[in-house]
Amino acid sequence: MLTIENLTKRFGENIAVDAANIHVDKPAMIGIIGRSGAGKSTLLRMVNRLNDATEGSIVFEGEDVTHVRGAARRHWQSRCAMIFQQFNLVPRMDVVSNVLHGTLNRRSTLATMFNLYPTSDIHKAIDILDRLGIAEQAPKRAEALSGGQQQRVAIARGLMQDPAIILADEPIASLDPMNAQVVMQSLRDIHEEDGRTVIANLHTLDTARRYCDRVIGMRDGRIVFDGTPEQLTTGVARDIYGAGADFSEAATSTEIETLDKPTTPANAYV
Amino acid sequence: MAAVLVAIGRFGEYFMAYLDGTSAPDVGTIRDTYVAQVQKRRLYSGLALLVFVLLMVSGFNVADDRNAGGFWDGLHQVGDYPAEVLSEAWERRASLPGLMWKYFPSLIETINIAAVSTIIGAMIGLLLSLLSTRGLAKWPRLIPVFRRCSDIMRAIPEIVIALVLIFVLGGGPVPAMIAIAIHTAGALGKMFSEVAENADLKPIEGLTSTGATWAQRMTLAVLPQIAPNYVSYTLLRFEINIRASAILGFVGAGGLGYELRNSMAWGPGRFGEAAAIFILLFGTIVFFDQLSSRFRNRLTEGQGQ
Numbered sequence: 001m002l003t004i005e006n007l008t009k010r011f012g013e014n015i016a017v018d019a020a021n022i023h024v025d026k027p028a029m030i031g032i033i034g035r036s037g038a039g040k041s042t043l044l045r046m047v048n049r050l051n052d053a054t055e056g057s058i059v060f061e062g063e064d065v066t067h068v069r070g071a072a073r074r075h076w077q078s079r080c081a082m083i084f085q086q087f088n089l090v091p092r093m094d095v096v097s098n099v100l101h102g103t104l105n106r107r108s109t110l111a112t113m114f115n116l117y118p119t120s121d122i123h124k125a126i127d128i129l130d131r132l133g134i135a136e137q138a139p140k141r142a143e144a145l146s147g148g149q150q151q152r153v154a155i156a157r158g159l160m161q162d163p164a165i166i167l168a169d170e171p172i173a174s175l176d177p178m179n180a181q182v183v184m185q186s187l188r189d190i191h192e193e194d195g196r197t198v199i200a201n202l203h204t205l206d207t208a209r210r211y212c213d214r215v216i217g218m219r220d221g222r223i224v225f226d227g228t229p230e231q232l233t234t235g236v237a238r239d240i241y242g243a244g245a246d247f248s249e250a251a252t253s254t255e256i257e258t259l260d261k262p263t264t265p266a267n268a269y270v
Numbered sequence: 001m002a003a004v005l006v007a008i009g010r011f012g013e014y015f016m017a018y019l020d021g022t023s024a025p026d027v028g029t030i031r032d033t034y035v036a037q038v039q040k041r042r043l044y045s046g047l048a049l050l051v052f053v054l055l056m057v058s059g060f061n062v063a064d065d066r067n068a069g070g071f072w073d074g075l076h077q078v079g080d081y082p083a084e085v086l087s088e089a090w091e092r093r094a095s096l097p098g099l100m101w102k103y104f105p106s107l108i109e110t111i112n113i114a115a116v117s118t119i120i121g122a123m124i125g126l127l128l129s130l131l132s133t134r135g136l137a138k139w140p141r142l143i144p145v146f147r148r149c150s151d152i153m154r155a156i157p158e159i160v161i162a163l164v165l166i167f168v169l170g171g172g173p174v175p176a177m178i179a180i181a182i183h184t185a186g187a188l189g190k191m192f193s194e195v196a197e198n199a200d201l202k203p204i205e206g207l208t209s210t211g212a213t214w215a216q217r218m219t220l221a222v223l224p225q226i227a228p229n230y231v232s233y234t235l236l237r238f239e240i241n242i243r244a245s246a247i248l249g250f251v252g253a254g255g256l257g258y259e260l261r262n263s264m265a266w267g268p269g270r271f272g273e274a275a276a277i278f279i280l281l282f283g284t285i286v287f288f289d290q291l292s293s294r295f296r297n298r299l300t301e302g303q304g305q
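Chains as they are written, first to last, in my numbering: chain A, 1 to 270; chain B, 1 to 305.
In short, the hints are calculated from the structure, not lab data.
A hint or two may mislead.
Unchecked claim - Using 30 angstroms as the maximum straight-line C-alpha spacing, the simulated DSSO-like pairs for lysine-lysine come out as follows: (1) A:K140 <-> A:K124; (2) A:K140 <-> B:K202; (3) B:K202 <-> B:K190; (4) A:K124 <-> B:K40; (5) A:K26 <-> A:K124; (6) B:K138 <-> B:K202.
Unchecked claim - Partner residues aside, some chain B positions facing chain A, computed with beta carbon under 7 angstroms: (7) I30; (8) R31; (9) V35; (10) V160; (11) F167.
What the hints assert, rightly or not - Restraint ranges, calculated between C-beta atoms of paired labels, are given here: (12) B:S293 <-> A:N115: 30 to 38 angstroms; (13) A:H67 <-> B:F287: 40 to 48 angstroms; (14) B:P224 <-> A:D64: 53 to 61 angstroms.
Given the structure is predicted, the values throughout are model-derived calculations rather than measurements.
Here a beta-carbon is modelled for each residue, glycine too, at the ideal position from N, C-alpha and C.
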C-alpha cells in the first residue's frame with residue numbers, strides 16, 4: 001500500500017532523515033517514537049509533501065508521489081490527512097467551517113472563498129463532529145474551544161478529506177492526559193472502524209504501546225527499530241532514546257495511571 | 001417575522017428537550033440550526049455583494065457621464081501615448097545618456113526637496129507625537145488638540161498646499177519643500193505616536209524621580225526605546241517624499257517633475273527627454289528603496305550591535 005524507500009532529507013550539512021525504509025502492506029496503526037529532533041516530524045512532513053525529499057521515494061498504491069507537482073500534489077495531500085501538534089485550525093472561523101476545509105481540494109476555489117459548501121457536506125461535517133463527541137461545539141469559533149476539543153476538530157477536518165492515510169504529528173503533545181487519551185482513542189477508533197492507516201509521531205512509549213499495532217523507533221534520523229509493541233523491550237527503548245540504565249518508561253509517561261504505579265525496578269524495567 | 005417564529009419554535013424544542021431531561025440537543029437539531037445560520041449568513045453576504053455591485057455600476061456610470069471623452073471610446077487609445085513615447089525614445093536611444101546627464105541637476109534638486117522636507121517633517125512629527133501620546137504628553141488635556149493638528153496636516157493634499165504657496169511665494173523648490181514637510185509631519189506624527197504608545201513607562205518614572213524636565217525625560221528615556229522604529233518610518237517616508245517631490249514639479253515647484261511636464265507637454269520631438277527623465281526617476285526610486293530597506297532591516301532586526 002505505502003512504500004517508503006531510502007527517504008532522505010538534508011538541511012544543508014544536517015541530515016534530518018537518513019535513508020528511511022518503511023513498508024505498509026495493509027491498513028495499520030503505526031506509532032513513530034524517538035527523541036525530539038530524531039526526524040519524526042520531517043518524515044511525516046515529507047510523506048504529506050509539505051517538505052520535499054532530498055533522496056528516495058514514496059510510493060502509494062503503485063503511484064510515485066515523491067515528486068508530483070501542482071494539482072497532482074494537492075490531490076495526494078488530500079488523500080493523506082495531516083494532524084498537527086498545535087492543531088493548525090483557523091482560529092476565527094467556526095468549527096464546522098474548519099471541518100469543511102477538509103473538502104477544499106474537491107471544491108472550486110471561487111465557491112470555497114465565499115464559504116459556499118453543499119448542505120450535504122455541512123451535514124457530513126456535523127456527523128463527523130458528532131462521531132468525535134463535539135457536535136454541540138459546531139457553531140462556535142475554533143479559538144473558543146479547549147485544546148482537546150480543537151485537536152478533535154482537526155481530526156474531523158482530516159476525516160472530512162476522506163483520506164487513505166492519517167498522519168498525526170505529535171497529536172497529543174500539547175494536551176493534558178485526559179484529553180490525550182480521548183484524542184488517541186479517536187484515532188484508534190478511526191483506524192479500526194474505517195480501516196484507514198494512521199501514522200502518529202508520539203513522544204511517549206506507553207502511548208505507542210497502548211494504541212499502536214506497530215512501532216517504529218527513530219534516532220538521529222535513522223530508523224533503529226521496527227516491530228510490534230511486544231518486541232519493544234526496555235533495552236530497545238533505551239537504544240532509541242539513547243538513555244542510560246536509569247531510563248524507565250514511567251519517566252516519559254503522560255498517563256495518569258503511571259503516577260500511581262509503584263516504580264519498583266521489577267515494574268519499571270519490563 | 002418568520003425568523004422570529006422559527007426562533008420561538010426552536011426555543012420551544014430546546015425547552016421540551018430540557019423538560020425531558022435531555023438537555024444536550026441531538027445531531028438533527030444541531031444540523032438544522034447550523035444550516036439555518038449558514039443560510040442567514042449567505043443571505044447577508046449576498047445582499048452586501050448586491051449593494052457593492054450596484055455601487056460599482058452606478059459609480060462607474062456617473063463617472064463615465066461626467067467624463068469629457070467617454071470611457072469606452074478612449075479605452076482602445078490608452079496604449080497610444082506610451083507607445084509613441086517608447087518608439088521615439090528607442091529611435092533616439094543614443095542621446096539618452098547625454099539627456100540623463102543634462103537632467104541630473106534636476107534630480108539632485110528633487111532629492112534635496114525630499115531630504116529637507118523629510119528631516120523637518122520628522123522633527124515636527126516627533127514633537128507632535130510625544131505631545132499627543134497618552135502617558136507621555138506634557139499637557140495631557142491638550143492631547144486632542146495636537147492629534148487634530150496632525151490630522152489636519154495629513155488631510156490636506158500636498159499639492160493643494162504647494163499650489164497655495166506657489167501663488168504666495170512664487171514657483172521654486174521652497175513651496176514644495178514646505179508642502180511636503182507639512183504632510184510628512186502629520187503622517188509621521190501619527191505613526192510615531194503609535195510606536196510611542198508601546199514604550200515602557202518605567203524608565204520615564206526613573207528619570208522623573210531624579211528631577212528631570214519633560215524634555216530630558218523624552219530625549220533620554222523615551223527616544224532610546226523608540227529610535228529604531230522612528231528611523232525606519234522616517235526612511236520609508238523619505239522614499240515616499242521623493243515620489244511626492246517629483247509630482248510637485250508638475251505644478252511648477254522645480255526639480256525633475258517640472259522638466260518632465262515640459263518635455264511631455266511639448267509633444268512629439270521631446271519624448272526622448274521624457275524617457276530619460278522616467279529612467280532617472282525610476283532608477284532613483286529603486287536605489288533609495290533598496291538602500292532604505294537594507295538599512296531598515298538592520299535597524300529593526302539587529303537592535304544590538
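To see whether the hints hold, each was checked on the structure:
Between K140 of chain A and K124 of chain A the CA atoms are separated by roughly 17 angstroms; this keeps the pair inside 30 angstroms, and the hint holds. Between K140 of chain A and K202 of chain B, the direct Cα distance comes to roughly 40 angstroms. Violation of the 30 angstroms bound is thereby established for this hinted pair. The hinted pair formed by K202 of chain B and K190 of chain B meets the criterion: a straight-line CA distance of about 23 angstroms does not exceed 30 angstroms. At roughly 20 angstroms between alpha-carbon atoms, K124 of chain A and K40 of chain B fall within 30 angstroms of each other, so this suggested pair holds.
Distance restraint check for K26 of chain A and K124 of chain A: the Cα-Cα separation of roughly 27 angstroms lies within the 30 angstroms cut-off, and the hinted pair is therefore satisfied. Taking the CA atoms of K138 of chain B and K202 of chain B, the gap is near 17 angstroms; set against the 30 angstroms cutoff, the hint holds. With 7 angstroms as the threshold, the beta carbon of I30 of chain B comes within range of chain A, its nearest partner Cβ sitting at about 5 angstroms, so the hint holds. Interface restraint check: R31 of chain B against chain A, minimum CB-CB distance 5 angstroms, threshold 7 angstroms, status holds.
Interface hint status for V35 of chain B: upheld, as the beta-carbon distance to the closest one in chain A is roughly 6 angstroms, under 7 angstroms. A least Cβ separation of about 40 angstroms between V160 of chain B and chain A goes past the 7 angstroms threshold, and the interface hint is therefore violated. With a cut of 7 angstroms, the hint placing F167 of chain B at the interface with chain A is violated, because the nearest CB-to-CB distance is about 51 angstroms. A hinted range of 30 to 38 angstroms holds for the C-beta pair S293 of chain B and N115 of chain A, which are about 37 angstroms apart.
Separation of H67 of chain A from F287 of chain B is about 41 angstroms and conforms to the stated range, judged on CB atoms against 40 to 48 angstroms. Restraint check, P224 of chain B to D64 of chain A: a C-beta distance of roughly 58 angstroms satisfies the suggested window 53 to 61 angstroms.
Hints 2, 10, 11, counting from the list given before, are not met by this structure.
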